[in-house]
Structure formats: structure tokens, C-alpha cells
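As a plain string of letters, each chain reads:
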Amino acid sequence: MEAILELKDLNKHFDGIYVSKNIDLKIEAGSLTAIIGPNGAGKTSLFNLITGFLEKDSGKIFFKGRDITNKNPEEIASLGIVRAFQVSSIFPYETVYDNLLLASLSHHKKNFNFFSNKYSFKNICEHTNFILKSMNLENKKNLKASELSHGDQKILDIAMALTLSPALLLLDEPTAGMSPEERKNMVLIIRELHKKFKLTTLFIEHDMDIVFGVAEKIRVMVRGEIIAEGTSEEIKNNPLVIESYLGAEV
Amino acid sequence: MRKSSSYLPWLSILIAFLLILFLPISEHKVHLATRILIFSLYAVAFNILFGMTGLLSLGSALFYGFGAYVTGMLTKSYGGDYFVYLLILGSISAFILAIPLGLLCLRLTDVYFTMLTFAFGQLVWGVCIKLYNFTGGDDGIQGIPRMALLETTKSYYIFVFIIVFISLIFLWRLASSPFGLVLNGIRQNRNRITFLGMNVYKHQLLAFLISAFFTGLAGGLYSGLDGSIHPNMFFWTQSGSIILMVILGGINNFFGPVVGTIIFILLEDYIGKTTEYWPFFLGTIMLIMVIIFPKGIVGILTRFLKGPQTKKELANGSHS
Amino acid sequence: MDVSFLISQFVGGLSTAMLLFLVASGLSLIFGVGKVFNFAHGSFYLLGSYLAFQFINFFNNFWIGVICAILGAGMFGVVMEFLFLRRIYGRSEEVSFQILLTYSFILIIDDMVKYIWGPEYKTIEKPASLIDQLQLGGVLIPKYSIFILILGFVIVVTFWFILNRTEMGKVIKATAIDRDMLSLLGVNVPLVMTLIFGVATAMGGLAGALAAPLRTVTPGAGIEVIIDSLIVIVLGGLGNFWGALLGAIIIGEVVAFGILWVPQWASLLNFLVMVLVLILKPEGLFPQKKSGRV
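Residue numbers (the working numbering), protein chains in the order written: chain U, 1 to 250; chain F, 1001 to 1320; chain R, 2001 to 2294.
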């Protein structure tokens, strides 16, 4: 399969501590990949590097064969690499509907329109309603985002990302801080999204049950380096991974 | 969508301002009402930056003064007949001045942004005082003529009313437009705006320019009201007063600043007449507002009037 | 212009700088540790000047007057933090509200001063022991300027010592980094904040008292000083103690030599410096290190 995202020899360090060291990574179109690794392994930093939020020391990033190494975060987002956050990143004082509408307006390039009513674009409102429906947020659409439960806020966060019709979705610990019930629900959502939209998804996760249950392919990151990759079975039995990461848990 | 009943208070304010035309009230009161209108525009324009975008500028007086000086000085030299054109020219000048200043100031965030706007404002204030031969220095400029049609206090009031009304409608449309939603988003979570594929800087710049345009317009209108301009229009306390008007009314409601302005100017007129310690009262009011009523008077009223309804509205509210 | 004149001008600039530093370092300390932007800091300088005026006349002793000014300004600062500022910590858009709250204190304190002491100028004599000038290699330098320089130096060293070599300094620095963690460790963080606020405003009061014999005391002095101190800490980088020292020296000297160079425009030079620094180096001349995490 063709690689949608390709990182070539990516490096980034803070005061000599590497958060990314010689990272080479290919993400195939339509794949569902997990990145695991201990705290401080550089997983979130990797997302920050891909989305242009951190400057790279060296290395290149290609997206759909295009060099996006030096593009701004907003350009990268418009190209179709969209992320959801570990701590849900929403607009707390807007309603759920307006949160999604904002994303939809951006997607349809209406963000500089200062004379029309924001609800006056039929296709944009339909798009927003469609996302509301597919993420099961319909009955909460008039709640302020800050009034949602923690789990729903994360779903809203992901829903906003989906509104941009991404080609590549980056999920940073989608189940962090959730109750077991909410976790189950989130796993269903991730699977569903991947199936229904053939959405290429890359996610960071701590919960091994989720990782081994959901991901087609797993990458293991330790101290800024990718030390192993493979299927669940391969990772479970990889001596290097067991030694440096899973050892304590398995 | 908001219910039509929520527009009722605003309609009644509008009607009150219209009534002034037909009631036999003193010149002084009409003058006061004109001031309220002008500062309402200034306050709403300021709140586009502060309440919506989350940018606290301490240099808004720069554009207010600039609009006033461009309109006032040119009207003085070319005559009152050109006042209306020069008013627009003054606003455009403020807009143009805002381009380089916005580009520079908006590179900074939070306190740094506030301080740079503050420094620019003071710099221009200082220059205005020092350029005695050009701007009249400390004395300012008096005797700016008005066109014959706007000679009387009342006719000028009507003129200001129309201009402010049109401007507020424009800004109100802006507030409920996609761009307005983006500005609100920038205030609440600017990183997310970036990751939704929008450029925060460009949106802030456009908001800055629009705000400057209407602030300059307010300044130009004021130069015609008293026929005089003075350097204190640039001074940072002018920017400070506007902040208080906005806070007093409520920053999270489009018309909040209008309510704040009405109360501020009436209080100033009343207390300012009876005591020379007006700033002390101003400070005390501001202190109380910030500590106890950060959402302003409109915030208190909405909670008081609509509090119990909100949940119900939310439950069966109808978007789309 | 001969060299000795330039030197005496330079020393004059330095003593201005020291007074400015006392105000600005307090402002910087509050911002660095408490993340509070005290716009009203100049008003404590003003309070210091007037309290000194009052108590010097009352006790007929310069030094007791200065001490009263320090204590008075510090106490007022503690009250302000304890009763008001504390209430808005952690509010959303806290920075804007801090600026507004402290702005309202400028209006209140400045008007109170005007009400109590009147709008007219007040003057304070230098203490008798420091009234004359010292001849240093052909240059005449007022003893009072030298006294301010020495005192400023002592205060700088004391602060450096407290911040870097004592338990208390560690607590203060830790407060700047992580308040929650510290309170988990059993430190009374609100108390630390109040104390720091008290010390910082007391330093402002000290500066006001010491400046009183050099300049006339008027109700507008607070505003002038806060503007200059803001410029100083913006120059040095907000919250940076040592940056504030350098910023103060730059502004002190710019003002001292600006008067010679472009007398008419001297009062605008400091704004010009601020604008230039904010444009060219927005984080100040000595930015604090940022951590890598987003």
C-alpha cells in the first residue's frame, strides 16, 4: 500500500534530550496504527512535529508525497492532517453545535466572512448536523461545551477534527482519564470511524488492552526512538520491547 | 437561535434615543446623549477586540485621537462643508495607521500586547503635544466648523445617531458572522483555531483594523460635537475609561458596552459635577465590578431574568 | 562638554536607575512568582513619597520617616492582595482582570493621596548628613546619590542571597513554577503570595520615600513611575530580576543623557526604547528559558 505520511530521519531535542531521534516512519493509507511507549518517550512531541507545532532540528516530513516539513500548523491542518488532543481542546463557552460549526466554517473557507449570519450556509449546517449525528452528540448540541462530561468533551474534540474531513487523523490518548464505560464507547467510535470512512488513523495510547485490541499495526517509542514495529503478536513477543517497556507490566 | 423577546431591551433603548428628538429637553441633555452615542460606538468597537477576541488594548485612544485629529484638523482648514467626507477620511486614516501597528502589536500576546499598545499610544500622545505648531500642542484645536445642515445640537445628534446606528448594525452582523465566531474561538482556545486550519494572526489583524476604523470614526464624530480636539484624546486614561465602560456593561454581550457607556457617562456627568474626585468613584466602581460582577450589568440582568429558563431553552432549543 | 560633567550625569542616571529598579524589581517579583501583573505598583511609590513626607515632618527625623513609608506601603500592599487580588486568581482571562483590578487601584490610591495631602507640590529635605557633595577625582557627586547607589547595591545582593541561598528562596522560586505541587507539600502558598506582595510593595514605598528629596512630590508621580517601570521590566523580560536591573540602568541613562541630547523629546525616549525592544526582542533583552512542552 502507498504511504500517506512519511517521516525521514526526524530529529528534535531540548537541551540535549532527544524527543525524536532518527525517526523514520511510514503510515500507509487506510491503516490504523498505534504508537505506544512510556511517559516522556516523545509521543506527543512527535504529533507536535508532524502538525508543525514544533520546529524540527533536522529531517523531512512528506504527506501524500508532498514535502510539508516547513509548513505552518494551519497549512498542515488544511492539507488534511488533523489532530485531537490528550486534554480535550474545545471552545468551552460555545455550544456543542457552534464548536462543530466553527470547524465546518473553517473547512469550507468561510472563516473571513464577516457579513453573513453564521447559520445561513445550508451545506455547512448540514455538514455540521451530519457530524453531530455520526458522533452521537445530537441531543447535546445546545449544551455549552464546558458542560459536557469529560468523555463527551473528548468525543467533541474528535468530532471537530472529523469535521475537517481529514486524510490523516492523529489521536492523542483518546481514552485518557475516561471511565471504563467511556473507554469502551471510545474504542467503538475509533473502530467505526476507521471502517466507515476508511480513515487513516494514528493514535497514541497507554491502555494496552485497547492497543492490542484495536490497532492493526503498533510502533513502540522509547526515549525519542522507534524501537520496534509490527502487529500485536509481534510486539507482545518482541524481546526488546518486553525488556525496555512492557517488561514491568507483562 | 435567540428568541425575539431577547431583543426587547435593546429596542427600548433604541426608542429612548429616538424619543430624545421629540421631547423638549435641554441642550445639555442632547449633548450628553450625543456623547453616549459616540462612546457607545467606541466601546463596541473596542469590545470586538477585548470581549470577543480576548485582546486587551491599552492604546485604543490612539485610533480615537487619530480619527479626531485627522477629521478635526482637515475640517478646520477646508471648512465645515467637507465634514462628512473628512469624517470618513479620518476613519480610513485610523484604519491605515492600524495596519503597521496591528502587524507589530499582534506578534505579541497577553501582557506584552497590552504593553506595546500602551507604549504606542503614549508615544503618539507625546508627539502630539510636542508638535505644537502642527497640532496646537497642549491647547489642542478649537473652533472646528460644522456644515450648515448640522449646525444645531439636535441636528448633529440626528446625524450621529444615524452614523452610530448603521455602524452598530454592521458590527452586530460581524459579531454573529462566521468571522465573529472565529474571533470568539481565538479568545477561548487559540491553539485549536490553528489546528482547525485557520491563521490566528490574520483574523486578529482584521479584527484590529475593523476596530480601529470604528474607533477612528467615533473620534471624528467627537471632533464635530464640541468643535474642539485636545491631546488627552490620545492619553491612556481615555483608553482606560473605555475599558471600564465595557466592563461595566458586560464584555460577553454585544450590546453590553452600550449599557456600560450609558451608565458611565451619566455617572460621570452627575458625580463629576459634584466632586473633583471622580477618578476615585470610577476606581471603586471598577473594583466592585471586577470582583463581584465580572460579567457586567448585562451579565447580572441576563442571569437574573433568564436564569431559570436557560435549561429549558437548551433542552428544546432549535438550531439549524 | 567635559568629561567630569558627563561622569556626574552618568552617576545621576545610575541613582535614577536604582530607584527605578526598586520599583521595577518588585513589579517583576510579583509577576515572576505570582503571575500577577500589578499595574498599581507606581501608586505604592507614590504612597511611599507621601508617607515619608508625613512622618518625616511628624518625627522630625528622615530615617524614621523612611521606615514608616516602607511599612505603610507594604501593609497597604498586603491588604490589597489579601482582600482583593486573591479573589480573582484562577479566573478565566485572569490577566485582563488583573490589569483592570490594579488599574482601579491606581485611580483610588492616587485620588486618596490627592484628597489627604492636596494637589500641590510637597518637598522633603535631604537628611543633614547627606546634603553636601563629595569630590571624587575632580568630579562633584552628591552624597545622596552615592547613598542611593550603595543602598540599591545592598538590596540587590540581599535579594540575590535570599533567592539563591536560602530555604525561603527555594520556596519562592518553586511558587513561580508550580503552585499546586507546593501546596501539596504543605507550603501555605497564599501566605507566600501575600508576603511577596507585601515585600514588593514595601520596596516601591522605599523607592518613593528615597526619591522624594530628589524630585518634587506630586499626585501624578505614581503614573510616571509605573510607566517607566513597565518599560524597565519589558526591557528586562517580565519576571526576570536581573533583566530588571539592566533595564533600569538603560532607562536611567537614556533619560539622563537624553535631556542633554534632545531636551525637548527626552520624555518620549523611553517609550521609543520600549517600542523598539518589543518589536525587535518581544521577550525582552533577557528572555527566560521556555520549557519544551507545549
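Rather than coming from a laboratory, the hints here were simulated on the basis of the structure.
Be aware that a few hints might be false.
Stated by the list, open to error - Straight-line alpha carbon distances no greater than 20 Å define the calculated EDC-like cross-link-like pairs of lysine to aspartate or glutamate that follow: (1) Lys1130(F) - Glu2125(R); (2) Lys1202(F) - Glu192(U); (3) Lys2114(R) - Asp1110(F).
What the hints assert, rightly or not - So these bits of chain F aren't anywhere near chain U, every CB distance computed over 12 Å: (4) Asp1139; (5) Thr1153; (6) Gly1180; (7) Leu1183; (8) Ile1186; (9) Ile1210.
Said to hold, decoys possible - Partial list, computed: chain F residues near chain R (C-beta under 10 Å): (10) Leu1056; (11) Tyr1085; (12) Ala1119; (13) Ile1292.
No residue lacks a Cβ here, since even glycine has one placed at the ideal position from N, Cα and C.
Practice item. Mind listing which of the numbered hints don't hold for this structure, in increasing order? Key: 1, 2, 3, 6, 7, 8, 9, 11
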